[in-house]
Amino acid sequence: MPAANFEELALPLFDQLYNFARWLTQDATEAEDLVQETYAKALRGFSGFQLGTNFRAWIFRILRNTFLTSRTGLKSTAFEDEEMEAIASTHPTPEAVLIQQADREMVQQVLTEMAIPFREILLLCEVEEMSYEEIAQVLAIPIGTVMSRLYRARKALRGLLLDKFKGGPNGM
Amino acid sequence: MACDAWREKLDAYVDGELPLSDAAALAKHLRECTECAGDALERVQMKRAVAVAGKRYQPSIQLREKVQRSLAGRPRRAKVWVWRIVALPATLVLLLSLAVGLYVERESMHRQRVYSELADLHVATLASGSPVDVVSTDRHTVKPWFQGKIPFSFNLPELQGTDFTLVGGRVSYLAQSPGAQLIYRLRQHEISVFIFQDRGAETVVSASGPVSTVSFIVESWTKNGLRYFVVGDVGAQDIARLSQLFKDTG
Chain B
1 MPAANFEELA LPLFDQLYNF ARWLTQDATE AEDLVQETYA KALRGFSGFQ LGTNFRAWIF
61 RILRNTFLTS RTGLKSTAFE DEEMEAIAST HPTPEAVLIQ QADREMVQQV LTEMAIPFRE
121 ILLLCEVEEM SYEEIAQVLA IPIGTVMSRL YRARKALRGL LLDKFKGGPN GM
Chain D
1 MACDAWREKL DAYVDGELPL SDAAALAKHL RECTECAGDA LERVQMKRAV AVAGKRYQPS
61 IQLREKVQRS LAGRPRRAKV WVWRIVALPA TLVLLLSLAV GLYVERESMH RQRVYSELAD
121 LHVATLASGS PVDVVSTDRH TVKPWFQGKI PFSFNLPELQ GTDFTLVGGR VSYLAQSPGA
181 QLIYRLRQHE ISVFIFQDRG AETVVSASGP VSTVSFIVES WTKNGLRYFV VGDVGAQDIA
241 RLSQLFKDTG
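Heads up: the protein sequence lines correspond to chains B and D, in order. Residue numbers for the first sequence follow this note's numbering, so the first one is 1 and each next one is one higher. Residue numbers for the second sequence follow this note's numbering, so the first one is 1 and each next one is one higher.
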């Protein structure tokens, strides 16, 4: 029974999918809709999913693709890697000591402000602990692009965190 | 290798994506180079910071239930839909086939019971000391003998030119309904021909009891409101021949 297998595979990922959806949409209602739509789409397309391949990458990709075609998604993407390179390079490399002092709230704030292609790749890599291969599957990009985008995303994260410290209440 | 070259590999290293040989070499470099080690540490801390900060949103219980319901409900709804399309005719077919089956089975059991009872009558007649009440090979003697004894009359076939011999006849009962039992002989075998009013033979449903396997050949038909049964331990062809003689008789 495919439906039973689907539940076994998909339901344990519920929290993660919601978290990822919320990070992408930045809106509780939109995230809920996105998760529901993802599950519905995944269930419909489950017959096309090849057992033995990476289910997690498969369903994350469905969620991301669903997000990309949503209202918020259409507005927020369409970033070329060259453009992102420009965004990332506008920030100088901060001192390691500042990063160490970054608290959870600050990182969350920075992640929220980041362009979605950076935000999502950081979440997939650090929160979901996906391999480059999995990330490549979710984002439908080559592994080389995963590595370069991840590099830029981290660079941008460092830059934004440094900005927080500089403009923060402590006046660092 | 220069530090710049190593630093290019740092991300892959902290992500656990560096091939083992490269990772070992980089680890060795990090033990020797404090600058690169500091960079690596910063990246690890960043990873941790994002991992902690990234686990931010918890779905509501309501959403979880909603999704679970949709997963449990969707296939079921599909089944209900299919059920409506397929199952109603299927149920009708099933019910019909059950009804037909039951009817056929009941009919078959009924028939078996009647045949069984007639076979018993046949055997009992042959086993008795006086198998027949009217002993005559002449049909014109036997037929009138039944008048007043049974509520109907019948015609007996002309046996001239056949190897069947009329032995005689007696009154028999099937389901409390009186009828004629005629005994014919073919070679050393006796064959009983039972004639009842059709209604009488059909109401034999009430004749309950064990349905025994009939080891006799039985042929039955109805004609002019009468039901005929030909029972004997001869071959089916002989039963059929005698049956045909009766059928051909007006």
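For the record, the hints were derived by calculation from the structure and aren't laboratory data. A quick note: this is a predicted structure, and the numbers were derived from the prediction, not measured. Where a beta carbon is used, it is the ideal one built from N, C-alpha and C, also for glycine. Each hint should be verified, as a subset may be incorrect.
Stated by the list, open to error - Here are the simulated distance ranges between beta carbons:
hint: 1; chain 1: B; residue 1: G52; chain 2: D; residue 2: R69; range: 40 to 50 Å
hint: 2; chain 1: D; residue 1: Y57; chain 2: B; residue 2: D163; range: 18 to 28 Å
hint: 3; chain 1: D; residue 1: T34; chain 2: B; residue 2: E8; range: 18 to 28 Å
hint: 4; chain 1: D; residue 1: G38; chain 2: B; residue 2: Q50; range: 21 to 31 Å
hint: 5; chain 1: D; residue 1: A5; chain 2: B; residue 2: E8; range: 24 to 34 Å
hint: 6; chain 1: D; residue 1: A23; chain 2: B; residue 2: A140; range: 23 to 33 Å
hint: 7; chain 1: D; residue 1: L92; chain 2: B; residue 2: T29; range: 45 to 55 Å
To be verified - Using 25 Å as the maximum straight-line C-alpha spacing, the simulated DSS-like pairs for lysine-lysine come out as follows:
hint: 8; chain 1: D; residue 1: K55; chain 2: B; residue 2: K164
hint: 9; chain 1: D; residue 1: K247; chain 2: B; residue 2: K166
hint: 10; chain 1: D; residue 1: K47; chain 2: B; residue 2: K164
hint: 11; chain 1: D; residue 1: K247; chain 2: D; residue 2: K149
To see whether the hints hold, each was checked on the structure:
1. Range check, B/G52 to D/R69: Cβ separation about 29 Å, and the 40 to 50 Å hint is violated.
2. Hint check: D/Y57 to B/D163, Cβ distance near 24 Å, so the stated range 18 to 28 Å holds.
3. D/T34 and B/E8 have their C-beta atoms about 49 Å apart, which leaves the hinted 18 to 28 Å range violated.
4. The given range of 21 to 31 Å is broken by D/G38 and B/Q50, whose C-beta atoms sit roughly 44 Å from each other.
5. In this structure the supplied range 24 to 34 Å is violated for D/A5 paired with B/E8, their Cβ-Cβ distance being about 46 Å.
6. About 28 Å separates the C-beta atoms of D/A23 and B/A140, a value consistent with the hinted range of 23 to 33 Å.
7. The supplied range of 45 to 55 Å is met by D/L92 and B/T29, whose beta-carbon atoms lie about 47 Å from each other.
8. Distance check on the hinted pair: D/K55 and B/K164 sit about 21 Å apart at the alpha-carbon level, within 25 Å; holds.
9. A distance of roughly 118 Å separates the Cα atoms of D/K247 and B/K166; the hinted pair therefore is violated under the 25 Å criterion.
10. At roughly 18 Å between alpha-carbon atoms, D/K47 and B/K164 fall within 25 Å of each other, so this suggested pair holds.
11. Taken as a hint, the D/K247 and D/K149 pair is honoured in the structure, with Cα atoms around 23 Å apart against an allowance of 25 Å.
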